[in-house]
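Trainee: Sequence:
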Amino acid sequence: MNSNSNRSETSKSGEKYPEHPSDPQPRQEEVEEDEDREESTRLARPRTILFAVGIGLLATVSMVIFLISDRLNSFEGADRLGELLESANTLTGDEFEAVETKAGDLQDWFFLKHGLEHYAVPKQFANIKTIGCRVFKFNGVPVAQIMAVTDKEILFYMFPSSDLGIKIGKGKWEIIEEEKWVGGATGINDTCFLVAFKGNKDEMKEFLSRLGR
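Per the numbering used here, numbering through the sequence shown is continuous, rising by one, with the last residue being 465.
Simulated from the structure, these hints should not be mistaken for laboratory data. Treat each hint with caution, since some may be false.
Subject to a maximum C-alpha distance of 16 Å in a straight line, what follows is the list of computed EDC-like cross-link-like pairs (lysine to aspartate or glutamate) [as the list claims (entries may be wrong)]:
{"#": "1", "residue 1": "Lys389", "residue 2": "Glu347"}
{"#": "2", "residue 1": "Lys432", "residue 2": "Asp454"}
{"#": "3", "residue 1": "Lys424", "residue 2": "Asp442"}
{"#": "4", "residue 1": "Lys404", "residue 2": "Glu455"}
{"#": "5", "residue 1": "Lys457", "residue 2": "Glu430"}
Using the sequences and the hints, build the whole thing.
Mentor: Below is the structure:
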(Lines of atoms letter the chains of each structure in order from A and count residues from 1; the text may use other names and numbers.)
(Lines give C-alpha, C1' and ligand atoms only; values in the text may rest on other atoms or scores of the structure.)
Protein backbone atom coordinates (compact mmCIF):
# COMPACT_ATOMS: atom_id res chain seq x y z
CA MET A 1 0.00 0.00 0.00
CA ASN A 2 2.74 2.43 0.95
CA SER A 3 4.85 1.45 -2.00
CA ASN A 4 2.05 2.26 -4.41
CA SER A 5 1.58 5.63 -2.79
CA ASN A 6 5.25 6.43 -3.03
CA ARG A 7 5.31 5.44 -6.67
CA SER A 8 2.44 7.85 -7.45
CA GLU A 9 4.39 10.74 -6.02
CA THR A 10 7.72 9.90 -7.61
CA SER A 11 8.64 9.92 -11.26
CA LYS A 12 10.56 7.18 -12.90
CA SER A 13 13.64 9.30 -12.66
CA GLY A 14 13.20 9.57 -8.92
CA GLU A 15 11.97 13.21 -8.86
CA LYS A 16 8.94 14.00 -6.79
CA TYR A 17 5.93 15.85 -8.29
CA PRO A 18 3.92 18.25 -6.15
CA GLU A 19 0.70 16.78 -4.91
CA HIS A 20 -1.25 19.91 -6.12
CA PRO A 21 -0.13 21.67 -9.28
CA SER A 22 0.37 25.43 -8.92
CA ASP A 23 -2.20 27.84 -10.46
CA PRO A 24 -1.55 28.50 -14.11
CA GLN A 25 -0.05 31.93 -14.90
CA PRO A 26 -2.31 34.28 -16.99
CA ARG A 27 -1.47 34.29 -20.64
CA GLN A 28 0.16 37.35 -22.16
CA GLU A 29 -2.87 37.96 -24.41
CA GLU A 30 -5.21 38.14 -21.41
CA VAL A 31 -2.93 40.57 -19.61
CA GLU A 32 -2.82 42.84 -22.65
CA GLU A 33 -6.62 42.72 -23.03
CA ASP A 34 -7.10 43.72 -19.38
CA GLU A 35 -4.67 46.59 -19.81
CA ASP A 36 -6.47 47.73 -22.95
CA ARG A 37 -9.81 47.72 -21.14
CA GLU A 38 -8.40 49.74 -18.27
CA GLU A 39 -6.84 52.21 -20.70
CA SER A 40 -10.14 52.56 -22.59
CA THR A 41 -11.98 53.24 -19.34
CA ARG A 42 -9.46 55.91 -18.35
CA LEU A 43 -9.76 57.58 -21.74
CA ALA A 44 -13.57 57.37 -21.82
CA ARG A 45 -13.99 59.48 -18.69
CA PRO A 46 -12.25 62.62 -19.99
CA ARG A 47 -14.00 62.19 -23.35
CA THR A 48 -17.38 62.18 -21.61
CA ILE A 49 -16.45 65.23 -19.57
CA LEU A 50 -15.18 67.08 -22.64
CA PHE A 51 -18.36 66.18 -24.54
CA ALA A 52 -20.56 67.53 -21.74
CA VAL A 53 -18.48 70.71 -21.53
CA GLY A 54 -18.68 71.10 -25.30
CA ILE A 55 -22.48 70.82 -25.25
CA GLY A 56 -22.63 73.45 -22.51
CA LEU A 57 -20.40 75.83 -24.45
CA LEU A 58 -22.43 75.31 -27.61
CA ALA A 59 -25.65 76.16 -25.77
CA THR A 60 -24.04 79.27 -24.28
CA VAL A 61 -22.69 80.45 -27.64
CA SER A 62 -26.10 79.86 -29.26
CA MET A 63 -27.79 81.98 -26.60
CA VAL A 64 -25.26 84.80 -27.04
CA ILE A 65 -25.74 84.73 -30.82
CA PHE A 66 -29.51 84.85 -30.34
CA LEU A 67 -29.30 87.83 -28.00
CA ILE A 68 -26.90 89.69 -30.29
CA SER A 69 -29.05 88.92 -33.33
CA ASP A 70 -32.16 90.10 -31.52
CA ARG A 71 -30.35 93.32 -30.59
CA LEU A 72 -29.11 93.87 -34.14
CA ASN A 73 -32.63 93.37 -35.47
CA SER A 74 -33.82 96.23 -33.25
CA PHE A 75 -33.68 99.87 -34.26
CA GLU A 76 -33.53 103.28 -32.68
CA GLY A 77 -36.88 104.23 -31.21
CA ALA A 78 -38.30 100.70 -31.10
CA ASP A 79 -39.15 101.06 -27.41
CA ARG A 80 -41.23 104.18 -28.08
CA LEU A 81 -43.17 102.43 -30.82
CA GLY A 82 -43.77 99.61 -28.37
CA GLU A 83 -45.26 102.11 -25.90
CA LEU A 84 -47.40 103.54 -28.69
CA LEU A 85 -48.75 100.07 -29.44
CA GLU A 86 -49.53 99.45 -25.78
CA SER A 87 -51.56 102.67 -25.65
CA ALA A 88 -54.06 101.02 -28.02
CA ASN A 89 -55.16 98.72 -25.19
CA THR A 90 -57.25 101.54 -23.72
CA LEU A 91 -59.12 102.38 -26.94
CA THR A 92 -62.89 101.92 -27.00
CA GLY A 93 -63.60 103.26 -30.49
CA ASP A 94 -65.48 106.29 -29.21
CA GLU A 95 -62.30 108.35 -29.50
CA PHE A 96 -62.54 108.36 -33.32
CA GLU A 97 -64.54 110.62 -35.58
CA ALA A 98 -66.39 108.61 -38.20
CA VAL A 99 -64.70 109.10 -41.57
CA GLU A 100 -65.46 106.54 -44.26
CA THR A 101 -63.13 106.91 -47.20
CA LYS A 102 -59.80 105.54 -48.43
CA ALA A 103 -56.59 105.93 -46.45
CA GLY A 104 -54.88 107.69 -49.35
CA ASP A 105 -57.54 110.43 -49.46
CA LEU A 106 -57.22 111.76 -45.93
CA GLN A 107 -54.31 114.19 -46.20
CA ASP A 108 -56.56 117.23 -46.74
CA TRP A 109 -58.92 116.15 -43.95
CA PHE A 110 -56.10 115.99 -41.41
CA PHE A 111 -54.58 119.28 -42.58
CA LEU A 112 -57.82 121.28 -42.71
CA LYS A 113 -59.25 119.89 -39.49
CA HIS A 114 -56.13 119.52 -37.37
CA GLY A 115 -53.41 121.48 -39.22
CA LEU A 116 -51.48 118.22 -39.50
CA GLU A 117 -48.76 118.23 -42.16
CA HIS A 118 -47.04 114.91 -41.50
CA TYR A 119 -49.40 112.65 -43.42
CA ALA A 120 -47.98 109.93 -45.65
CA VAL A 121 -49.39 106.51 -46.51
CA PRO A 122 -47.48 103.77 -48.38
CA LYS A 123 -49.11 103.17 -51.77
CA GLN A 124 -50.10 99.60 -50.88
CA PHE A 125 -52.27 101.01 -48.07
CA ALA A 126 -53.83 103.87 -50.06
CA ASN A 127 -57.02 102.02 -51.05
CA ILE A 128 -57.77 100.50 -47.65
CA LYS A 129 -61.18 101.58 -46.33
CA THR A 130 -61.17 103.78 -43.24
CA ILE A 131 -63.96 104.04 -40.65
CA GLY A 132 -62.59 106.58 -38.20
CA CYS A 133 -59.84 109.15 -37.61
CA ARG A 134 -58.42 111.23 -34.80
CA VAL A 135 -55.33 113.15 -33.66
CA PHE A 136 -53.90 112.65 -30.19
CA LYS A 137 -50.67 113.50 -28.43
CA PHE A 138 -48.11 110.89 -27.49
CA ASN A 139 -45.13 112.11 -25.45
CA GLY A 140 -46.14 115.62 -26.50
CA VAL A 141 -46.08 114.77 -30.23
CA PRO A 142 -49.28 115.03 -32.36
CA VAL A 143 -50.07 111.65 -33.91
CA ALA A 144 -52.57 110.98 -36.69
CA GLN A 145 -54.47 107.75 -36.05
CA ILE A 146 -56.83 105.95 -38.41
CA MET A 147 -59.09 102.99 -37.78
CA ALA A 148 -59.44 100.88 -40.91
CA VAL A 149 -60.77 97.51 -41.97
CA THR A 150 -59.35 94.81 -44.24
CA ASP A 151 -59.94 91.19 -43.25
CA LYS A 152 -59.35 92.46 -39.71
CA GLU A 153 -59.56 95.74 -37.82
CA ILE A 154 -56.30 97.66 -38.09
CA LEU A 155 -54.85 100.96 -36.94
CA PHE A 156 -52.61 103.40 -38.80
CA TYR A 157 -50.35 105.91 -37.03
CA MET A 158 -48.44 108.80 -38.62
CA PHE A 159 -46.09 111.27 -36.94
CA PRO A 160 -42.74 113.04 -37.55
CA SER A 161 -40.04 110.39 -37.11
CA SER A 162 -37.50 112.73 -35.52
CA ASP A 163 -39.95 113.97 -32.86
CA LEU A 164 -40.04 110.51 -31.29
CA GLY A 165 -36.47 109.59 -32.17
CA ILE A 166 -37.44 106.92 -34.69
CA LYS A 167 -34.83 105.91 -37.24
CA ILE A 168 -35.78 103.35 -39.89
CA GLY A 169 -33.91 102.70 -43.11
CA LYS A 170 -35.55 103.98 -46.28
CA GLY A 171 -37.96 101.44 -47.74
CA LYS A 172 -37.42 99.09 -44.81
CA TRP A 173 -40.12 97.61 -42.57
CA GLU A 174 -39.49 97.04 -38.89
CA ILE A 175 -41.79 94.80 -36.86
CA ILE A 176 -42.50 95.47 -33.19
CA GLU A 177 -44.39 93.00 -31.03
CA GLU A 178 -46.00 93.73 -27.68
CA GLU A 179 -48.18 91.59 -25.44
CA LYS A 180 -51.36 91.91 -27.53
CA TRP A 181 -50.41 94.09 -30.49
CA VAL A 182 -47.96 93.83 -33.34
CA GLY A 183 -46.85 96.75 -35.47
CA GLY A 184 -45.09 97.25 -38.78
CA ALA A 185 -43.25 100.56 -39.17
CA THR A 186 -41.59 102.24 -42.13
CA GLY A 187 -40.32 105.70 -42.99
CA ILE A 188 -41.74 107.94 -45.73
CA ASN A 189 -39.63 111.07 -46.06
CA ASP A 190 -39.79 112.62 -42.57
CA THR A 191 -42.90 110.72 -41.49
CA CYS A 192 -43.08 107.43 -39.64
CA PHE A 193 -45.98 105.22 -40.72
CA LEU A 194 -47.08 102.47 -38.34
CA VAL A 195 -49.72 99.82 -39.03
CA ALA A 196 -50.93 97.75 -36.09
CA PHE A 197 -53.37 94.99 -35.19
CA LYS A 198 -53.79 92.33 -32.54
CA GLY A 199 -51.53 89.45 -33.49
CA ASN A 200 -47.90 88.38 -33.71
CA LYS A 201 -44.82 88.94 -35.86
CA ASP A 202 -45.55 86.09 -38.26
CA GLU A 203 -49.03 87.46 -38.93
CA MET A 204 -47.61 90.92 -39.58
CA LYS A 205 -44.99 89.53 -41.96
CA GLU A 206 -47.69 87.68 -43.89
CA PHE A 207 -49.93 90.77 -43.91
CA LEU A 208 -47.20 93.05 -45.28
CA SER A 209 -46.16 90.42 -47.81
CA ARG A 210 -49.73 90.06 -49.07
CA LEU A 211 -50.19 93.82 -49.47
CA GLY A 212 -46.87 94.14 -51.27
CA ARG A 213 -47.79 91.72 -54.04
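Trainee: For every hint, state whether the structure bears it out.
Mentor: To see whether the hints hold, each was checked on the structure:
1. Lys389 <-> Glu347: holds, 13 Å
2. Lys432 <-> Asp454: holds, 14 Å
3. Lys424 <-> Asp442: The given pair, whose Cα atoms are some 14 Å apart, holds under the 16 Å limit.
4. Lys404 <-> Glu455: Status holds; Cα separation ~12 Å.
5. Lys457 <-> Glu430: Judged against 16 Å, a Cα distance of about 15 Å means the pair holds.
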